[in-house]
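Visitor: Listed below, chain by chain, are the residues.
Protein chains: 2
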Amino acid sequence: MFKQLFKSIQEKVQLTEEELEVCKTFFIPKKLRKKQFLLQEGNSSVYNAFVEKGLLRSYTIDDKGNEHIVQFAIEGWWISDLSSFLSGSISNYTIEALENSELLLLTTSSREALMNAVPLFERYQRMLLQNAYIAMQARIASTLTETAEEKYTSLIHTYPGIIQRVPQHMIASYLGLTPETLSRIRKQISLRK
Amino acid sequence: MFKQLFKSIQEKVQLTEEELEVCKTFFIPKKLRKKQFLLQEGNSSVYNAFVEKGLLRSYTIDDKGNEHIVQFAIEGWWISDLSSFLSGSISNYTIEALENSELLLLTTSSREALMNAVPLFERYQRMLLQNAYIAMQARIASTLTETAEEKYTSLIHTYPGIIQRVPQHMIASYLGLTPETLSRIRKQISLRK
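In the order they appear, the protein sequences are chains A and B. At position 49 of the first sequence the residue is numbered 68 (this note's numbering), and the sequence of numbers has no breaks. At position 126 of the second sequence the residue is numbered 145 (this note's numbering), and the sequence of numbers has no breaks.
Since the hints were made in silico from the structure, they are not lab data. Virtual Cβ for every residue (Gly too), placed ideally from N, Cα, C. Among these hints, one or two may not hold up.
Unchecked claim - One-sided excerpt, in silico: chain A residues whose CB lies under 7 Å from chain B:
hint	residue
1	Y78
2	E86
3	L105
4	S108
5	N135
6	L148
7	Q149
8	A151
9	I153
10	M155
11	S161
Stated by the list, open to error - As a list, the in silico SDA-like pairs of lysine to any residue whose alpha-carbon atoms are at most 20 Å apart:
hint	chain 1	residue 1	chain 2	residue 2
12	B	K83	A	L105
13	A	K31	B	A132
14	A	K170	B	G195
15	A	K83	A	T197
16	B	K170	A	N111
17	A	K31	B	L133
18	A	K31	B	M134
19	B	K26	B	G95
20	A	K170	B	M134
21	B	K170	A	A160
22	B	K72	B	H87
23	B	K72	B	R184
24	B	K31	A	T162
25	A	K170	B	H87
26	B	K170	B	L147
27	A	K31	B	S108
28	B	K170	A	T162
29	B	K170	B	L105
30	A	K170	B	K72
31	B	K170	A	L163
32	A	K53	A	M146
33	B	K170	A	S161
34	A	K31	B	K83
35	B	K31	A	M146
36	A	K50	A	L117
37	A	K31	B	E141
38	A	K170	A	K83
39	B	K83	A	F56
40	A	K26	A	T197
Using the sequences and the hints given, assemble the complete structure.
Guide: Next comes the structure, spelled out in structure tokens:
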């Protein structure tokens with residue numbers, strides 16, 4: 020169950036076997052079936068979830084009832100509404116499993132306790148935050164400057180294999196495109212090949 | 020010179036006088052006159068800068084030659100192209116002083132060394148990253164879901180007093196609006212008051 024998590028940790032910091040065993044005790048294993056929710060809008064994001072297996076999405080619904088997908092998370096990724104998770108505020112996001120998924124959950128207090136018990140886990144968290152920030156910055160730049168086709172290409176680069184796992188209308192929602200525009204772009208790309 | 024920085028640190032972690040003195044030795048003080056650059060596109064973002072005094076902006080220029088402002092930084096804020104700063108990659112961003120400014124600079128290696136010398140400084144950096152991430156997430160949600168007027172109101176909330184300090188066409192650029200649209204919004208708001 021901890022295979023992907025330990026891989027993710029060891030890519031960034033060097034923990035001993037003993038420290039890894041300590042880490043284990045702070046996580047809550049959780050299975051979600053497809054279409055079940057980790058978080059529903061209007062609640063607080065109690066868990067920061069590491070994805071051992073499966074696929075989830077977080078999305079928000081605007082005043083006109085349109086869904087906007089903010090993030091996908093596949094094996095090896097973390098997902099939560101970080102803002103709500105850290106502050107305890109109410110979330111505008113919903114996090115839903117798009118496949119049967121296996122998660123490892125931290126609460127804010129178990130995360131704090133783990134960082135105190137295993138100081139290098141705080142370094143790991145800091146490095147994750149750096150990467151998340153960088154990815155987010157790239158996404159903002161992308162929404163401001165990239166063409167629809169460039170956005171699509173970036174998505175494939177960020178989440179390899181996701182095109183096969185996620186319905187096209189969700190890909191379109193993530194990119195801020197209509198399904199028709201996405202369909203046209205995919206056609207253009209395949210014609211060029 | 021370190022007044023704002025120490026205030027920023029002490030808001031998040033409790034350092035001793037001795038630790039604060041150690042921190043000082045890792046920073047490079049730097050003054051920039053208005054219109055001088057901290058970073059120019061095509062270079063690597065060598066410094067992460069804390070703003071003791073003044074105002075800066077980071078922006079990127081798209082293929083059509085249009086400027087897009089990504090961030091402002093006022094007293095008490097950090098600014099860099101974090102992605103480039105952490106990875107050493109070439110930056111697509113330019114960081115320019117909009118007022119005469121006083122900065123405190125860290126390089127990647129002095130930042131790492133400081134986190135090792137003063138472990139609570141790593142916690143401070145982790146908390147900054149959390150806040151930066153949260154702010155970035157709010158900004159993405161804003162570009163996806165907010166009306167132009169809501170974006171303008173959020174900006175005023177994020178950077179209090181900035182409306183008086185920054186030319187209107189830069190505010191428009193930050194919000195992704197034309198100067199004409201921004202002007203119309205400001206008129207509407209003032210009529211309602």
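Visitor: If a hint holds in the structure, say so; if it doesn't, say that too.
Guide: Hints, one by one, checked against the model:
| no. | hint | verdict |
| --- | --- | --- |
| 1 | Y78 | violated (10 Å) |
| 2 | E86 | violated (10 Å) |
| 3 | L105 | holds (6 Å) |
| 4 | S108 | violated (10 Å) |
| 5 | N135 | violated (10 Å) |
| 6 | L148 | holds (4 Å) |
| 7 | Q149 | holds (6 Å) |
| 8 | A151 | holds (6 Å) |
| 9 | I153 | holds (4 Å) |
| 10 | M155 | holds (4 Å) |
| 11 | S161 | violated (10 Å) |
| 12 | B:K83 to A:L105 | violated (39 Å) |
| 13 | A:K31 to B:A132 | holds (17 Å) |
| 14 | A:K170 to B:G195 | holds (17 Å) |
| 15 | A:K83 to A:T197 | holds (15 Å) |
| 16 | B:K170 to A:N111 | holds (17 Å) |
| 17 | A:K31 to B:L133 | holds (19 Å) |
| 18 | A:K31 to B:M134 | holds (16 Å) |
| 19 | B:K26 to B:G95 | holds (8 Å) |
| 20 | A:K170 to B:M134 | violated (36 Å) |
| 21 | B:K170 to A:A160 | holds (17 Å) |
| 22 | B:K72 to B:H87 | violated (24 Å) |
| 23 | B:K72 to B:R184 | holds (13 Å) |
| 24 | B:K31 to A:T162 | violated (32 Å) |
| 25 | A:K170 to B:H87 | holds (17 Å) |
| 26 | B:K170 to B:L147 | violated (23 Å) |
| 27 | A:K31 to B:S108 | holds (19 Å) |
| 28 | B:K170 to A:T162 | holds (15 Å) |
| 29 | B:K170 to B:L105 | violated (29 Å) |
| 30 | A:K170 to B:K72 | violated (37 Å) |
| 31 | B:K170 to A:L163 | holds (15 Å) |
| 32 | A:K53 to A:M146 | violated (30 Å) |
| 33 | B:K170 to A:S161 | holds (18 Å) |
| 34 | A:K31 to B:K83 | violated (39 Å) |
| 35 | B:K31 to A:M146 | holds (18 Å) |
| 36 | A:K50 to A:L117 | holds (13 Å) |
| 37 | A:K31 to B:E141 | holds (15 Å) |
| 38 | A:K170 to A:K83 | violated (24 Å) |
| 39 | B:K83 to A:F56 | violated (43 Å) |
| 40 | A:K26 to A:T197 | violated (37 Å) |
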